[in-house]
Amino acid sequence: MTALARARRRSGSWIPPLVVFVAVLLIWEQVFLFLDVKTFLIPRPTVIWGALVDQWPTTLARGMLYTGAEAVMGLLLGVVLGTLLGLGTSRWATIRDTLVPLGTGMSTIPIIAFAPIMINWFGFESQLPRITVVALMTFFPVMVNTIRGLTQVDPAALELMDSYAASPFQVLRKVRIPNAMPYWFTALRIAVTLSVIGAVVGEFFGGPLYSLGIYVTNQTGSFKYPNAWAAIVIACVLGIGLYLVAVAIERIAMPWRRADGTALE
Amino acid sequence: MTDPTPTVTDPTPTDRTPTERITAALPGTSVVRIAGVGKTFGTESGGVRALEGIDLTIAQGEFVSLIGPSGCGKSTLLRLIGDLTAPTAGSIEVNGKPARRARLDRDYGMVFQAPVLMDWRTVAKNIELPLEVMGFAREERQKRSGELLKLVELEGFAGRHPWQLSGGMQQRVAIARALAFDPKLLLMDEPFGALDEMTRERMNLELMQIWQRTRTTVVFVTHSIPEAVFLSTRVVVMSARPGRIAKIVDIDLPQPRNVETREQERYFELVTEVREALRRREGGEGQLAPPDADRIRAEGLA
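Chains A and B, in that order, are what the protein sequence lines are. Under the working numbering, residues 442 to 706 are what the first sequence spells out, in order. Under the working numbering, residues 5 to 306 are what the second sequence spells out, in order.
Hint data in this document are derived by calculation from the structure and do not stem from the laboratory. Even for Gly, the Cβ is constructed at its ideal location relative to N, Cα and C. Be a bit skeptical, because a hint or two may be false.
Unchecked claim - According to the in silico footprint, chain A covers these stretches of chain B (three or more CB under 8 Å from chain A):
#, stretch
1, 111–123
2, 131–138
To be verified - SDA-like mimics (lysine to any residue), calculated; alpha carbons at most 20 Å apart, straight line:
#, chain 1, residue 1, chain 2, residue 2
3, B, LYS129, A, GLN660
4, B, LYS129, A, ILE618
5, A, LYS479, A, ALA694
6, B, LYS101, A, ILE560
7, B, LYS188, A, ALA694
8, A, LYS615, B, LYS188
Extracted from the complex, chain A is given alone in its bound form (with noise of 0.2 Å):
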């Protein structure tokens, strides 16, 4: 296959959506014209990016950068933590029987309604309460998806590596994490999306003005409604570029998925 082909390939699946979307935009624009819609029940596109360059040098830059590194490093925490917990228990199975489910449990909690304690304990100025939600958040994923891939492997691919007279660290290092890659990536991917509701939605309960969660909630107080839809097409834009980061990632660590466009399960 040609590069240019192989290009045309990669683009090609890009344009679908892209086409959908811009079509909606459009639709969106002028059947709002239209109807004459209100701008404090939805506003129209353009009306919204005219809001967001308007903020952006003031406020939505901060605000993004503030928030994104928020979410960024909660997600940092709660990955490694995840990654690391998983690895370290997937060799005991009681401990493993007990944590999985533990963590199954866990993750159905609304982590984000402690973020006003949270708040009570850092105070308003810090990042922490929204980092400590938002590594908590993207823990449990993380972590139960390490051990199932480390653990949900081929019986007889185990059996050959005895049959080599395979340390444990080797079975390890051989077997269990290439096999574990595609569970953890898929749990990156969750966490990444869950890393941005967390940060933003944590804000809610405090943080600086420029904040992107505590810009939405002030704008829309003082009836300022366009400007919180900027902000909240930042915080669209914060999660699809940290999700586009992690396929990159993804792409990068396990190239022998897409070799032939065709993905392995």
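Fit chain B to the supplied structure of chain A, relying on the hints for placement.
This is chain B only, laid out in the frame that chain A set:
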């Protein structure tokens, strides 16, 4: 110690295969010695007796097939030789040492019914897996995988990934991987059971060629009578519940085996002999089961 003939055998040791004649002349060349082996799964009292009273000696250079109905413990016997499970009675020696020691010394290569290739590794890297585990240097590994790819006629596929290969090709990679570290013994657990009949016959021919070139001792589990007769120097017919050796059939077809082997009168006689040995055991309770019923069942399960 030095007698390569099995303890349980049919009482006509007149017809000897060329391989057996060679090995019979060399003392102390038994690769596998199984004495009084039994295997019970579960507790001693209420457990399932998978194997009982197994005595078998396999000489160097032999190709021995284990055949029998499902539940006769032929796969279990293979795993016992490979120390992937432990016997509950008797003793197993591989290369003159306990099976466990032989496994730790990496004395055998193993091929399963599924190829068990690592999707994240290329074909060459899959073949190099045991060499990596055993600490071979990179150049040595690459040299070996190159040689083995040639042996299994997959030279052009070194950089491919397993899922880009057909089932037969994948199994050839698995065989190459098992031979990568030059084991003295090759254990194969229904390696062609998942392949269609045509691919299977071709693989049988290829395996014959590999065996003739490498002179590795092979223990081969199968549920196909023609396959067992075509490949083996001896066929061990087993019966079920509990698993026992019912009969050992010497396969005195001339070497090297090739396409014409399957058309010889003697080939059909031996196929019939194995089939009757299987049927005699099946029909023990009065009900005569078709000889292939278990095979179909086993393939359905596969």
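Task: 8 Å C-beta test of the stretch 111–123 of chain B against chain A, three or more residues - done: As far as the stretch 111–123 of chain B goes, the hint holds, because 8 residues have Cβ atoms under 8 Å from chain A.
Open item on the list: Given the hinted pair LYS615(A) and LYS188(B), is their Cα-Cα distance within 20 Å?
Closed with: 25 Å, violated
Open item on the list: Can you confirm whether the C-alpha distance between LYS101(B) and ILE560(A) stays at or below 20 Å?
Closed with: Given pair LYS101(B), ILE560(A) is violated - Cα atoms ~68 Å apart, limit 20 Å.
Open item on the list: Just to make sure I understand the rule, a stretch counts as covered if three or more of its residues have a C-beta closer than 8 Å to a C-beta of the chain. Does the stretch 131–138 of chain B meet that for chain A?
Closed with: n = 5 at 8 Å, threshold three: holds.
Task: Agreement of LYS129(B) and GLN660(A) with the hint, judged by alpha carbon distance not exceeding 20 Å - done: It is violated: about 59 Å lies between the C-alpha atoms, which goes past 20 Å.
TODO: Starting from LYS129(B), check that the Cα of ILE618(A) is at most 20 Å away, please.
DONE: Satisfied, since the Cα-Cα distance of roughly 16 Å is no more than 20 Å.
Open item on the list: Need the status of pair LYS188(B), ALA694(A): alpha-carbon distance at most 20 Å?
Closed with: It is violated: about 38 Å lies between the C-alpha atoms, which goes past 20 Å.
Task: Restraint check for LYS479(A) with ALA694(A), where alpha carbons must lie at most 20 Å apart - done: The hint is violated at about 48 Å.
In terms of the numbered hints stated before, the structure departs from hints 3, 5, 6, 7 and 8, listed from lowest to highest.
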